[in-house]
Amino acid sequence: MDKLITSFVYIGEGKVFVNKRLIFYQEKIVTFAEFIKALYKQEQVSYPKFYKMDSLSKLGFMTSELLLRNEIQGRYQADSLAIVLANSSSSLDTDINYQESIRDRSAYFPSPSVFVYTLANIVIGEICIRHGFKGENTFLISEKFNSGQLLDFVSEILDNRRAEACICGWVEILGNQFKAMMALVENDNTILPLNPDFRPLPFSLTAITDLMNVN
Amino acid sequence: MMRNIYAVSDNIISSLGFTSRENAAAMLAGETGIRIHHDEQRYIHPLPLSLVNTGELNSRFQAVLDITKNDKPADYFTRLEKMLILSVHDALNGISLKINDPQLILILSTTKGNIDLLEEKFKGRFDHKRVYLWAVAYVLKEFFGFINTPMIISNACVSGVLALITASRMLRYGKYTNAIITGGDIISEFVISGFQSFQALSPSACKPFDQNRNGLSLGEGCGTVILSSNQPDSGYNTVKIMGGSVTNDANHISGPSRTGKELSMAINKALLESGTEPAKVDFISAHGTATVFNDEMESKAIALSKLGDTPVNSFKGYWGHTLGAAGLMESVALMTSMKRNILFRTAGLDVTGIMEKINVIKETTSSPVDSCVKTASGFGGCNTALVFQKT
Numbered sequence: 293m294d295k296l297i298t299s300f301v302y303i304g305e306g307k308v309f310v311n312k313r314l315i316f317y318q319e320k321i322v323t324f325a326e327f328i329k330a331l332y333k334q335e336q337v338s339y340p341k342f343y344k345m346d347s348l349s350k351l352g353f354m355t356s357e358l359l360l361r362n363e364i365q366g367r368y369q370a371d372s373l374a375i376v377l378a379n380s381s382s383s384l385d386t387d388i389n390y391q392e393s394i395r396d397r398s399a400y401f402p403s404p405s406v407f408v409y410t411l412a413n414i415v416i417g418e419i420c421i422r423h424g425f426k427g428e429n430t431f432l433i434s435e436k437f438n439s440g441q442l443l444d445f446v447s448e449i450l451d452n453r454r455a456e457a458c459i460c461g462w463v464e465i466l467g468n469q470f471k472a473m474m475a476l477v478e479n480d481n482t483i484l485p486l487n488p489d490f491r492p493l494p495f496s497l498t499a500i501t502d503l504m505n506v507n
Numbered sequence: 089m090m091r092n093i094y095a096v097s098d099n100i101i102s103s104l105g106f107t108s109r110e111n112a113a114a115m116l117a118g119e120t121g122i123r124i125h126h127d128e129q130r131y132i133h134p135l136p137l138s139l140v141n142t143g144e145l146n147s148r149f150q151a152v153l154d155i156t157k158n159d160k161p162a163d164y165f166t167r168l169e170k171m172l173i174l175s176v177h178d179a180l181n182g183i184s185l186k187i188n189d190p191q192l193i194l195i196l197s198t199t200k201g202n203i204d205l206l207e208e209k210f211k212g213r214f215d216h217k218r219v220y221l222w223a224v225a226y227v228l229k230e231f232f233g234f235i236n237t238p239m240i241i242s243n244a245c246v247s248g249v250l251a252l253i254t255a256s257r258m259l260r261y262g263k264y265t266n267a268i269i270t271g272g273d274i275i276s277e278f279v280i281s282g283f284q285s286f287q288a289l290s291p292s293a294c295k296p297f298d299q300n301r302n303g304l305s306l307g308e309g310c311g312t313v314i315l316s317s318n319q320p321d322s323g324y325n326t327v328k329i330m331g332g333s334v335t336n337d338a339n340h341i342s343g344p345s346r347t348g349k350e351l352s353m354a355i356n357k358a359l360l361e362s363g364t365e366p367a368k369v370d371f372i373s374a375h376g377t378a379t380v381f382n383d384e385m386e387s388k389a390i391a392l393s394k395l396g397d398t399p400v401n402s403f404k405g406y407w408g409h410t411l412g413a414a415g416l417m418e419s420v421a422l423m424t425s426m427k428r429n430i431l432f433r434t435a436g437l438d439v440t441g442i443m444e445k446i447n448v449i450k451e452t453t454s455s456p457v458d459s460c461v462k463t464a465s466g467f468g469g470c471n472t473a474l475v476f477q478k479t
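Protein sequences appear in the order of chains A and B.
Read left to right, the first sequence gives residues 293 to 507 (my numbering).
Read left to right, the second sequence gives residues 89 to 479 (my numbering).
Quick list of simulated restraints, FRET-style, between CB atoms:
| no. | chain 1 | residue 1 | chain 2 | residue 2 | range |
| --- | --- | --- | --- | --- | --- |
| 1 | B | 134 | A | 315 | 50 to 60 Å |
| 2 | A | 403 | B | 368 | 41 to 51 Å |
| 3 | A | 404 | B | 438 | 22 to 32 Å |
| 4 | B | 428 | A | 494 | 46 to 56 Å |
| 5 | B | 444 | A | 339 | 31 to 41 Å |
Derived BS3-like pairs: lysine-lysine, alpha-carbon spacing no greater than 30 Å straight-line:
| no. | chain 1 | residue 1 | chain 2 | residue 2 |
| --- | --- | --- | --- | --- |
| 6 | B | 211 | B | 160 |
| 7 | A | 436 | A | 344 |
| 8 | A | 307 | B | 217 |
| 9 | B | 217 | A | 344 |
| 10 | B | 211 | A | 471 |
| 11 | A | 471 | B | 263 |
| 12 | A | 436 | B | 160 |
Going by beta-carbon spacing under 10 Å, a handful of chain A positions derived as facing chain B:
| no. | residue |
| --- | --- |
| 13 | 349 |
| 14 | 416 |
| 15 | 440 |
Since the hints were made in silico from the structure, they are not lab data.
Backbone N, C-alpha and C define an ideal beta-carbon position, used for all residues, glycine too.
Pulled out of the complex, with its shape left as it was, chain A reads as follows (with noise of 0.2 Å):
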């Protein structure tokens, strides 16, 4: 059967895409903090726990909400809707804060609530949090982006109809050096006309290769 990319978002150099068009620009990134709470007040998200979560998290569900913005929740049983995500250095934006709070037995402040963050996975359980989705799930790390990991993983999923749709990329953040690529691939026989502005790409190498550079 085949898969199609039926929306994407990409976040990154300050810019915000989704299905290709330009909603969000911060010119001057002074840090990741600043440039999520803009984009959060300007897309006008109502998520009290965002402000518990860390980077990571913060990063993966903004883009998350982006791509689920048509509302596709009602359109697939909730163990039907997969997410695979990978990046490349885990949770260690996390990690680092967390051991500077162990750092010194003087100042020895280990909070459950640091901890929880120092796993990469974390920002998946936010999202399927968001949305009620119970389907399958996955992070990977590679060292950079690997489209062709990250296709076969999730062309296994759709074309053995362990989910009928995927939300699938990359969350990258450390410091204040970020970069995030959503896209939802389903599959062709469940596509509803969403987005009239956007024609479904097929899932394919080249097309999440593209993605990755939208900017």
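Put chain B on the given structure of chain A with help from the hints.
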């Protein structure tokens, strides 16, 4: 016709030994590896932990360096890398596998990799990049000479089972013919303080499914499984991977589901894919961390999947919770059960105390073990189930 996936070799490195055989012998002798340790540099109070013997690790590693004529000195490698290399090296021993084969993939499962390198005492001793999880996989790739870029799975405590599921799927999908799946995590100040902050650590060795269970015991170790879509020569007593599934609770990032419904869903899907009826399952190796909520949730899931009468154990009492290695080490122990027709007792369990009536194994016994389920659940709400069958 669906392609068969065979487990052709394996290894466990834990406090109980450096091979699958050494671990099985210790477990059969009734030994467990969780002891009170105290390393004041890393944790303030004495703690029950399962640690790999450092002297033995270093001498066995040096022996492998000598045999393989590797040009790097032993201190080039981190503690975790030494364990992983030893584990993969042992698993490769005695089987014929072409290492530089484009049909071979290495899959690494780890939650924290070389996280100890963030500690002050390691500052400057290793290239700073080694704290990246992919760098660990690259050390293995270079050491053994694999061709393909390794795949790395870091999905909390389900990583090991998920790595096995992924490998079996990639093989069945025809992407590769052979896969080496290895998983490891080490004890660090980072991990200990984190679980302590959650008040998740038991003051004594963990007691899975016990009425007095009071938290988990941390351990370190490695597990390796080699899978192949080629049938091994010795057809007798070979274990096949039949099917697996992954679900998410969509409930809480650090607490398990209250109902066990999502783990049950994973078990049901894995059994369905495998064509295995619940009544045919001989043994379940559960996650069984010995936290109050995990074991409760698992008992509900197992009962929901109509496996309430099936013998269940947790291997955590033998070598603690080894995080990214756990699913692999426990799957190897499960395959030992299958090959030897032995059900291992749940070490640490005295009196079962869970809400749902399930059949937790208290004494090690002989029994036919042909079809098995391995489960794991973890932070981020993830659940996995994997079905094994003996040919």
